[in-house]
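Protein sequence lines correspond, in order, to chains A and B.
Take 1 as the starting number for the first sequence in my numbering and just add one per residue.
Take 1 as the starting number for the second sequence in my numbering and just add one per residue.
This list has only true hints and no planted wrong ones.
Restraint ranges, calculated between C-beta atoms of paired labels, are given here:
1. B:Gln108 - A:Glu30: 40 to 50 angstroms
2. A:His115 - B:Gln94: 38 to 48 angstroms
3. A:His115 - B:Glu135: 50 to 60 angstroms
4. B:Ala182 - A:Pro69: 20 to 30 angstroms
5. A:Asp534 - B:Phe110: 37 to 47 angstroms
6. B:Ala182 - A:Thr123: 20 to 30 angstroms
Cross-link-like lysine-lysine pairs, in silico, DSS-like; alpha carbons within 25 angstroms at most:
7. A:Lys576 - B:Lys118
8. A:Lys87 - B:Lys83
9. B:Lys118 - A:Lys570
10. A:Lys424 - A:Lys389
11. A:Lys576 - B:Lys149
12. A:Lys465 - A:Lys504
If you are wondering where the hints come from, they were derived from the structure by calculation, not from laboratory data.
Even glycine gets a Cβ: it sits at the ideal position worked out from N, Cα and C.
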Amino acid sequence: MLVTLAISPVRHVFPEWKSVQNGYNRLAAERYRMGQDVRTVPLGLRQIWNPRLGVVDRCTTCHLGIEQPVLRDAAEPFRSHPTTPHKLGEIGCTICHRGQGRATTERAAHGATRHWESPMLPTYYVSGSCGSCHRERRPPEARTLSQGRRLIERSSCAACHVVPGFALDRRPGGDLSAIGSKVRPEWLYRWLKRPFDYLPKSRMPDFHLSDSEAATLAAYLLTFKNEELEASAGSALESALLVADPGAIDRGETRYRESRCISCHAQEGRGGVVGPDVGKIGSKVKPLWLDAWIRDPRTFFRDSTMPRYGLSDADRTAIVSYMMSEFVDYDSDPDETEEILALLPEPNEAVMTEGEGLYRHYGCGQCHSLSGLEIRGEFGADLTQEGVKDIDQLDFGDVPIERSLVSWLYNKMKTPRAFAENSKMPDYRFSDEQARQVTAAVLSLTGDSVPPRYLPAAVTPREFKPAGSFGRILEKYQCLACHRIRGVGGDMAPNLTREGSAAKPEWLEKYFTLPYTLRPIMTERMPDLGMAKDEIGIVVTYLTLVLADDTITQEIFSSPPDQATVEVGKELFYGKYGCQACHQVAQQGGYVGPLLDGVRDRLYSGYIYEWLLDPQRLIPDTIDPNQGLSPEEAEAITAYLYSLPPAAASPQGGPR
Amino acid sequence: MRLQFIWRSRCGVRSAIGVLVLAALIIPPGCGRARDSGTEGVAEQGSKAETTPNENSVAGASQETPLPENDDGAGEKPVAMMKFEEANGFEIYQRYCATCHGDAGDGQGFNAFNLDPKPRSHIDKFARESVTDEELTRSIALGGAGRGKSPLMPRWGRTLNPRKIRYVIAYIRLLQRQAQVAEAVSEAP
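Could you build the full structure based on these sequences and the hints that come with them?
So, in structure tokens, the structure goes:
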């Protein structure tokens with residue numbers, strides 16, 4: 001008893017942190033003798049106080065070296081903090097790391113305190129905290145968080161859950177209204193059972209359906225047919241598509257390659273990721289549907305991002321024949337197919353009712369649309385504050401895992417139905433790494449915990465929806481699936497925001513007629529979309545008139561530059577700046593940047609000049625380094641580039 | 001201050017233990033009772049023992065499952081175990097440096113064979129042992145020409161800010177450690 005009484009006051013005379021600070025002072029003295037600028041500190045509690053953020057962090061009482069870069073190699077708790085974009089002394093520690101900032105003992109501060117609502121995050125997940133303030137999809141310098149948010153986006157979590165910042169403006173899944181005319185019955189059954197067997201990168205998760213559930217749902221869905229396609233079943237076109245002559249298949253292959261389908265659609269895992277893998281599509285779809293789909297993808301799926309190619313009927317059927325004959329699943333077992341077909345029930349009324357019940361039960365309508373069944377609503381949990389959820393609100397079931405939010409979220413991602421038998425959440429087959437990334441991203445959903453003045457200025461969602469004929473062309477060819485204009489679109493192809501000030505109209509016209517690649521190593525290149533002549537005219541006019549930058553003069557040379565300037569430019573190009581490391585001239589030089597032969601036919605001199613001065617001003621994320629050229633140097637190099645003749649060997653400048 | 005230091009050195013870090021010793025010295029007859037009623041001390045010890053595995057499991061949530069061998073997410077590489085600076089450096093390195101210096105930092109990027117002189121390897125013995133962070137920073141920021149070497153290495157100082165250069169260096173150091181481990185493994189009998 002006496003001992004107990006004695007302990008309480010004495011503990012405050014010899015607190016833990018004092019011995020830690022003494023330890024730091026010994027380290028500092030040692031480092032100082034080694035010639036490093038590390039000073040000892042007076043003993044005493046230290047804290048970072050930021051009333052606006054509600055931060056009172058005493059962590060620096062022990063972590064004395066966080067702002068001492070030379071202590072990078074010191075042992076904890078004295079190691080320096082890694083470089084970050086933030087001032088540590090301003091925002092404190094717990095904003096990112098969580099934990100109990102006011103505590104002054106290691107145990108209390110670092111967690112393991114019962115009922116302390118925000119225990120410290122494991123270091124790996126700290127990146128999630130960046131997202132509490134940085135609400136944009138890809139906060140720079142927060143890799144884990146960005147990857148996690150990319151997965152949230154890709155997995156369309158917001159189709160079922162409320163995920164702030166991720167609301168979907170369209171259904172992520174396909175329209176199922178013609179599914180019965182689209183796919184083969186055995187494929188649909190297999191797909192519903194095990195989507196990842198057909199597409200290892202399937203965006204549709206695995207719902208772990210039982211055999212009978214999958215059969216009923218398949219039978220139900222197969223009743224949704226497209227009358228037009230059904231009417232032409234058994235027609236000459238269908239048989240021609242199914243049994244094509246070798247000539248048509250060869251032609252189909254050539255057209256398939258020219259159309260650069262592989263830029264978006266992989267074959268057996270190799271190729272683009274914009275559209276689904278088509279390596280086994282011959283075993284999935286019916287030929288008439290594929291033909292109609294390529295003719296106009298948006299008749300079947302309004303939100304498809306696939307371009308409508310200007311292919312002739314013969315070319316299109318050749319492509320379909322080629323795909324149907326070459327892209328088949330050679331592993332499929334005909335006996336198994338028979339078994340599956342036998343398993344599918346007749347779509348009588350009971351099956352239809354049960355099928356619709358399953359469709360509703362598993363929330364298929366959250367992602368897919370189906371004529372006559374417009375169901376969509378809040379289906380999954382609201383995740384607005386999931387990242388700060390109290391442990392007591394989490395259902396751990398009887399799963400023997402650590403009782404923490406991080407561990408719960410991680411395991412939920414790995415095995416979504418682990419915690420409750422009636423859970424409907426499907427399995428996304430996240431790898432361990434992906435599950436951690438999603439967990440970090442979910443941890444960033446902290447509701448309104450951050451005062452508005454600390455939130456970075458909200459990025460207003462961009463709008464670029466040109467009207468009129470250019471708008472229709474943009475829609476038809478889905479240019480923005482690859483190109484970016486004024487902040488909207490994809491990043492697979494060049495940013496066209498200033499294209500009108502960069503490229504000359506004559507070159508653009510030729511390029512649209514016969515696209516080629518400007519960069520020797522690029523695996524993706526502009527597909528031959530088969531644009532009509534008047535369409536090309538409209539696009540070129542629009543680029544020239546609208547997508548122009550008035551700060552860029554078109555031509556900086558009133559007369560051809562003199563030879564002396566060209567020589568100076570050449571010396572600067574090769575000698576001082578080593579541009580040939582990345583750019584090819586006359587088949588000499590690197591593979592990274594575009595070819596520069598005959599660049600005068602392609603680009604305005606004013607654009608080249610501005611580009612040389614500051615590439616990132618024109619295209620913010622270009623990797624071309626700003627080398628700090630003087631205006632005279634930029635002009636001389638422009639003069640040299642303008643003197644380069646077109647490449648002699650191939651008139652179009654590159655391979656097709 | 002002085003007294004406290006003596007106490008500290010004699011009693012070790014844990015104040016609870018120190019206090020127990022103190023109590024034992026001051027009230028020797030209470031010794032037996034201290035063992036009976038000293039629940040606080042016991043609890044303290046016990047909970048300390050508990051904390052260790054607990055903390056481990058918190059800090060090692062990443063340990064609950066092993067590092068994936070390869071990640072099937074669109075073209076990612078496993079960087080789970082990278083630290084903050086290294087992971088950011090990885091992104092920058094892949095975008096700006098790997099074309100010439102190679103994914104592994106061995107100077108064998110796909111663009112390397114177009115270059116003369118060849119890009120440096122960051123991971124050979126010389127780079128590992130003799131090139132300081134300051135030298136690396138200067139080479140990256142000023143480029144080859146800025147250090148009296150080949151201009152084929154551009155100056156990145158106007159494109160990458162000092163923080164980003166530090167990230168890249170952290171990643172290069174990671175590549176070096178990996179190379180060192182790989183070498184040690186291959187040299188092992």
